[in-house]
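If you read the sequences in order, they're chains A and B. For the first sequence, the working numbering begins at 79 and goes up steadily by one. For the second sequence, the working numbering begins at 6 and goes up steadily by one.
Fair warning: there could be bad hints in the mix.
Rough simulated footprint, nothing fancy, chain A against chain B, three-plus residues with beta-carbon under 8 Å [to be verified]:
# : segment
1 : 61 to 69
2 : 101 to 115
Selected chain B positions facing chain A (in silico; Cβ < 10 Å) [what the hints assert, rightly or not]:
# : residue
3 : 32
4 : 51
5 : 52
6 : 58
Hint data in this document are derived by calculation from the structure and do not stem from the laboratory. C-beta: ideal position from N, C-alpha, C; glycine also.
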Amino acid sequence: MSVFSRIRILWNAIAHPEDVRHQVESELAFHVDTQTKDLISRGMPEDEARRRTLAEAGRADTQNEKYRDAIGLRLYDEFAGDLGYGLRQLRRNPAFTALAIITLAIGIGATSAIFCVVNGVLLQPLPYPQANQLVSFSFAAPSIKMMHLGLSPSMYFVFREESRTFHHISLYNLNRATVTGVGEPEVLDTLDATEELLPTLGVRPVLGREFTLADDQPNGPRTVMLSYWYWRRKFGNNRSVIGDAIDVDGTLRQIIGVLPKNFSFLDRPGIALILPFRLDRAKTELGDFEFGGIARLSPGVTVPEADADAARMLPFVARSFPPPSRFSLKMYESVPLLPHIEPLKNEVVGNVGGVLWLLLGGIGLVWLIACANVANLLLARMEGRRQEFAIRRALGASPRRIARQLLLESFVLSFGGAALGLAFAYSALKALIAIAPSTLPRLNEIRIDAVVILFTAAISLIAGLLFGSMAVLRFAGRGPASGFKSSGRSQSAGRERRRVQDALVIVQMGLALVLLISAGLMVRTFRALIRVQPGFTALPANIESVRLSIPATDAPQPEQVAQMQQAILHQIEAVPGVSSASICSSVPLQGPFWRQPVFVRNHTDLGQEPPSYTEEFVGPGFFRTLGIPIVAGRDFTWDDIYSKRPVVLVSENLAREYWGNSRNAIDKQLRIGATDDWHEIVGVVGDVHVNGMNEHAPREVYWPIMAADMEGKPVVDVPNAALVIHSARAGSESFEREIHRTVHSVDPNLPLEEVDTMEYFYRHSMASTSFGLLMLALASGMALLLGAVGLYGVISYSVSQRTHEMGIRMALGAQTRDVLRLIMRQGMTLSLLGVAIGVVVALGVTRFLSNLLYGVKPTDPLTFFAIPLLLIGVALLACYIPARRATKVDPTVALRYE
Amino acid sequence: MPDSIELPQGALELLILKAISLGPLHGYGILLRIQQMSTDRLEILQGSFYPAVYRLESRGWISGEWGESENKRRARFYRLTAAGRRQLKAESERWRDMANLVVNILDVAPGEV
Numbered sequence: 079m080s081v082f083s084r085i086r087i088l089w090n091a092i093a094h095p096e097d098v099r100h101q102v103e104s105e106l107a108f109h110v111d112t113q114t115k116d117l118i119s120r121g122m123p124e125d126e127a128r129r130r131t132l133a134e135a136g137r138a139d140t141q142n143e144k145y146r147d148a149i150g151l152r153l154y155d156e157f158a159g160d161l162g163y164g165l166r167q168l169r170r171n172p173a174f175t176a177l178a179i180i181t182l183a184i185g186i187g188a189t190s191a192i193f194c195v196v197n198g199v200l201l202q203p204l205p206y207p208q209a210n211q212l213v214s215f216s217f218a219a220p221s222i223k224m225m226h227l228g229l230s231p232s233m234y235f236v237f238r239e240e241s242r243t244f245h246h247i248s249l250y251n252l253n254r255a256t257v258t259g260v261g262e263p264e265v266l267d268t269l270d271a272t273e274e275l276l277p278t279l280g281v282r283p284v285l286g287r288e289f290t291l292a293d294d295q296p297n298g299p300r301t302v303m304l305s306y307w308y309w310r311r312k313f314g315n316n317r318s319v320i321g322d323a324i325d326v327d328g329t330l331r332q333i334i335g336v337l338p339k340n341f342s343f344l345d346r347p348g349i350a351l352i353l354p355f356r357l358d359r360a361k362t363e364l365g366d367f368e369f370g371g372i373a374r375l376s377p378g379v380t381v382p383e384a385d386a387d388a389a390r391m392l393p394f395v396a397r398s399f400p401p402p403s404r405f406s407l408k409m410y411e412s413v414p415l416l417p418h419i420e421p422l423k424n425e426v427v428g429n430v431g432g433v434l435w436l437l438l439g440g441i442g443l444v445w446l447i448a449c450a451n452v453a454n455l456l457l458a459r460m461e462g463r464r465q466e467f468a469i470r471r472a473l474g475a476s477p478r479r480i481a482r483q484l485l486l487e488s489f490v491l492s493f494g495g496a497a498l499g500l501a502f503a504y505s506a507l508k509a510l511i512a513i514a515p516s517t518l519p520r521l522n523e524i525r526i527d528a529v530v531i532l533f534t535a536a537i538s539l540i541a542g543l544l545f546g547s548m549a550v551l552r553f554a555g556r557g558p559a560s561g562f563k564s565s566g567r568s569q570s571a572g573r574e575r576r577r578v579q580d581a582l583v584i585v586q587m588g589l590a591l592v593l594l595i596s597a598g599l600m601v602r603t604f605r606a607l608i609r610v611q612p613g614f615t616a617l618p619a620n621i622e623s624v625r626l627s628i629p630a631t632d633a634p635q636p637e638q639v640a641q642m643q644q645a646i647l648h649q650i651e652a653v654p655g656v657s658s659a660s661i662c663s664s665v666p667l668q669g670p671f672w673r674q675p676v677f678v679r680n681h682t683d684l685g686q687e688p689p690s691y692t693e694e695f696v697g698p699g700f701f702r703t704l705g706i707p708i709v710a711g712r713d714f715t716w717d718d719i720y721s722k723r724p725v726v727l728v729s730e731n732l733a734r735e736y737w738g739n740s741r742n743a744i745d746k747q748l749r750i751g752a753t754d755d756w757h758e759i760v761g762v763v764g765d766v767h768v769n770g771m772n773e774h775a776p777r778e779v780y781w782p783i784m785a786a787d788m789e790g791k792p793v794v795d796v797p798n799a800a801l802v803i804h805s806a807r808a809g810s811e812s813f814e815r816e817i818h819r820t821v822h823s824v825d826p827n828l829p830l831e832e833v834d835t836m837e838y839f840y841r842h843s844m845a846s847t848s849f850g851l852l853m854l855a856l857a858s859g860m861a862l863l864l865g866a867v868g869l870y871g872v873i874s875y876s877v878s879q880r881t882h883e884m885g886i887r888m889a890l891g892a893q894t895r896d897v898l899r900l901i902m903r904q905g906m907t908l909s910l911l912g913v914a915i916g917v918v919v920a921l922g923v924t925r926f927l928s929n930l931l932y933g934v935k936p937t938d939p940l941t942f943f944a945i946p947l948l949l950i951g952v953a954l955l956a957c958y959i960p961a962r963r964a965t966k967v968d969p970t971v972a973l974r975y976e
Numbered sequence: 006m007p008d009s010i011e012l013p014q015g016a017l018e019l020l021i022l023k024a025i026s027l028g029p030l031h032g033y034g035i036l037l038r039i040q041q042m043s044t045d046r047l048e049i050l051q052g053s054f055y056p057a058v059y060r061l062e063s064r065g066w067i068s069g070e071w072g073e074s075e076n077k078r079r080a081r082f083y084r085l086t087a088a089g090r091r092q093l094k095a096e097s098e099r100w101r102d103m104a105n106l107v108v109n110i111l112d113v114a115p116g117e118v
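Chain A extracted, bound-state conformation:
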C-alpha cells in the first residue's frame, strides 16, 4: 500500500533524521564516484572529471534538504525549526519567559477553576438519562402573594390522569424517619414518593425491584427501598437483605430494592430510604401545596407546552376533590393559581447561576489583564529583537514566515501558561470546594473533565492569538531597513509602540478597578450583615443546639412527649456551666421554618384566605435562653402546657401590624383552622432574623411546645424538637458528650443529631456572601497585582529607554525632583485614565451584583471614592520605584551609553 510506504518514509525521516541523512549522502557519494570513474575511463583527466561531477552534484548537505522537500516534509521542517528557534529564544531570556508563563498561569488557571465550577454546577446535565426532559412544578397565587407553592396531592392525581404532555409524573416529600433495630436508633433523611418516581428519573434499582402500584396503595404492603450507601453501611452489601424487614418509625417494612451507587435524589445524596407515598385518593382534599413534583415530558414536548397543559387541567382539580374542612370551595376558587413548570435543573441549581456567571466574568477580567500584561512584556521583548527580524527579512524571510515565528512563540508561552494554569486550577479547585458554601448545589459534580480541558485549551489559544497578533502587527510587516536604521533609541520609532503599551496599561487599570469596586461592595455588604442585630442577645457561640427525636414507642401520647422533654431540660439545666435551656421546633438561623395561614379575630374576614406567618413551637424559657426580649405580657409556663390553655405569643412586628403596638396585642385572639378554638395572645416578643441576617425578620406566631386545639386536632406535640442550651462551654466536645449522656440518662433510645452551636448556623447564613466576597477579593487581588506589575513594567522599560535623555536633562541642570516628576507624570496619566474608564464601566456593571449585596447600593459612593484612591496609591508606588531609578542616572555614564 502506497499510504503505508509513505507514512513509513515520513516516519523514518522524522524519527531517524541522521540515518536518513547518512543514506542520502552515501547514495550521492556513490553517484559522484561512479560518474567520476566513468569520465576517467572515457579519457578525461582525473582532476577535471572530479571537478565536473562535483559541480553537477552540488553540496552533500543540500541533498538531504532536497530529499526532505521531495517527500513532503518542508512545512514540518520549517515548523520544527521555528519551534526550536522560539524555544531557544525563550530559554535565552528566562526572566521574561518565567514572568510571562506565571502571569498566564494565574489568568488561565483561575479562569479554568471557576469555569470548572460553572461547568459542574450549571452546564452539565443532571445525572439522569435524558435529563433535559425532566421538569419540576411550582405554582403561584399572586392574589395572596404566595409565589412558591408546591404540588398538591389533588393536582398530582388530576395531572397523572388527564395530562397530554407528561410521560411520567411523581409527587415526593422530603422527610425524616427513625430506624430502630439495626444497630443504634438513627434518624435518617428519607423520601416519600409515589410509585412512578424512579421511572420518571429513569433510574433502575441495582438489586430487587421498583415500587409497584400495589406498594403505593393506602392498604398495600409496607415496603421500603434502600440507598446504596445505607445498604453498604448497615448491611455490608449483603444481597440477601431483599425481603427482610426493618423498623421505620415503629412500622416494619419489607426491603424490596437497593438504588444504584451513583444515584442521588436531586441535590440530596444523604437520603437513606425511599418510602411509597401511599396517598389515599378517596380521602384527598384540595390544598396542601407543600410537596415536590417531578415529571418527565413526553418526547418532543416543550416546557411552555407543559405549562399550558397544566393550566388547562387546573380547573378540573377544583371540580374533582372536596375542599378541606377549614376552607370553602368558593374560597379555594377565588384564589387563581398559575402553574410554573421549569427544567428540573433550575430547581436543583436555584439562584446560584447568576453568582457563578458573575464570578466567571470577574475572573475573565483577570485573564484579560494577564493577556494585556504578557502583550506588554512581549512587545518590550520584541523591541530588543528588531535587528534580528531585520536580518531575517534581509536574508529573504517573508513577512508571513516572521509572523508565523512570532505566533508560534506566543503559543508556546500560552500553552506553557495553560499547563501550569491547569495544575494551579486543580489545587485551587480543591480549596474552592472546601470553602464553597454547602448551599452551592452539585458540589460533588465539580471536576476537571474533557470540557474543562477544552475550555482551557481554547482560552490559552485565544490568549496566544491576542498577544501574538499584537507582536505580529507591530513587527512582522516591517521592511528590513527599519530594523537597521533605528538601533537603540530613536524616539519616533518608540512612540508608536509606546502608544500600544500605554493603551494596554490603561485597560488593565480600568479592569482591575472594576473588580476592586465589586470586591469593595462585597466587603461593605459583609460589614452590613455583621452589624445586623439578629434579634437575640445571646452570643451565637454560646448557644448549643441538639435535635432529638422521641420515638412513638417510648412516648405514645403527646403529654408523655412533653413530660419527657421537660424531664430532659430539667436534667440539662443541672449540667455544670448551663445557665438556661429550652426546647423549640426550629432553631433560629437553622430552620426548617414553616408558614401557616393565621386567622386573627375581628381582623381576618371569613371567606378570605388568611395571610401566612412563620410558626414556631417553643417551650418555657426559650426567649430567656436566646435573649429574645419579651416586650409585653409573659412567657409560656409548663402549667400552660399541661393545662392545655389556648395561649400564644406573637412577634412585635405582627402585633404592630394589627394593633399598632405590643401592649394592645395582649388578650387578642387568633387561630389556624377555621374551626379551632381561639388562642389568646399572652405575650409579645422581639423580632428575630430567623432566616439569616440578609433576610427581614418575619412576622411570627409562637405556639407552646404542646399546643391545644390546633388544625382540628385536640393536641399537637413536637416529638422531633431541638434543645437550645445557653452555656459558655457550648461547642466543646466535653460539653457535647455531657449533653449526650444527660439526654440518654432520661431515655437511652433517643437519637440525637444536628449537634452544633448557633455560631455554625450564623456563619452558614452568611456563607454565600462570604464565598462571593472571597472569590471577588481573590480575583481583584490578582487583578491589582497584575495591573501594578504591568504598570511597573511599562514605566521601567520607558525609563531604561530614556536613560540617554535623562542624562542630557540632568547635565543641563534638571534636578532629581524634575526627573522624578517627569516619570511619575507619565505613569499617573495612564493610571488616572484607567481609573476614569474603570469607574464608568463599574457604574454600569455593579448592578449585576445587586442580588449579592445587602445594605449597600451598587453605586455606593464610599466604595466608588475609596477604591480608586487605593488603586491610585498602588499605581504611585509602581511608578515611584522605576522613577527613582531614573534619578540615579549618572549623566556622564548616560551620555557615553550609545
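Starting from the known structure of chain A, fit chain B onto it as the hints suggest.
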C-alpha cells in the same frame, strides 16, 4: 552533444519508472539508461533527477534497497513496486494518447478542417 530537450512536467518520473521496469538499478544506472534509451539526446540534470526519485519512492511506486554494485560498492538499488507497475502502465497510456492527439492536430492539413 546533440541538442538537449527540456522535459515537460511529470515526464522525468515516467522515464525513471520505465528505466527501472527493465530491472533494478541504482541512481547513476537509471540516469545512464535513460540517456542510452534516448540515444543520448537527453541530458538529465542531477538537481531535478534525485528529487524525482525521492518523490517516486515516497509515493510507493519504487522501493530502494541497499545492495552491491558491479564494482563491489554499496549502492542503493531501486525496484518497481506493483503500484509502480500500474502507474507506469496508466501514465504511459496517458502520454501516448496525449502525444497522438497533439501530433494529429499538428498534422492537419489546411483544407481538412
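Here is how each hint holds up against the structure:
Counting residues of the segment 61 to 69 of chain B whose beta carbon lies closer than 8 Å to any beta carbon of chain A gives 6, which reaches the threshold of three, so the coverage claim holds. Counting residues of the segment 101 to 115 of chain B whose C-beta sits closer than 8 Å to any C-beta of chain A gives 0, which falls short of three, so the coverage hint is violated. This hint holds: residue 32 of chain B has a C-beta 5 Å from the nearest C-beta of chain A, less than the 10 Å allowed. For the restraint placing residue 51 of chain B at the interface with chain A, the shortest Cβ-Cβ distance is roughly 5 Å, inside the 10 Å limit, so the hint holds.
Contact between residue 52 of chain B and chain A, as hinted, is supported at the beta carbon level, the nearest pair being about 7 Å apart and thus within 10 Å. Hint status for residue 58 of chain B relative to chain A: holds, with the closest Cβ pair at about 8 Å, below 10 Å.
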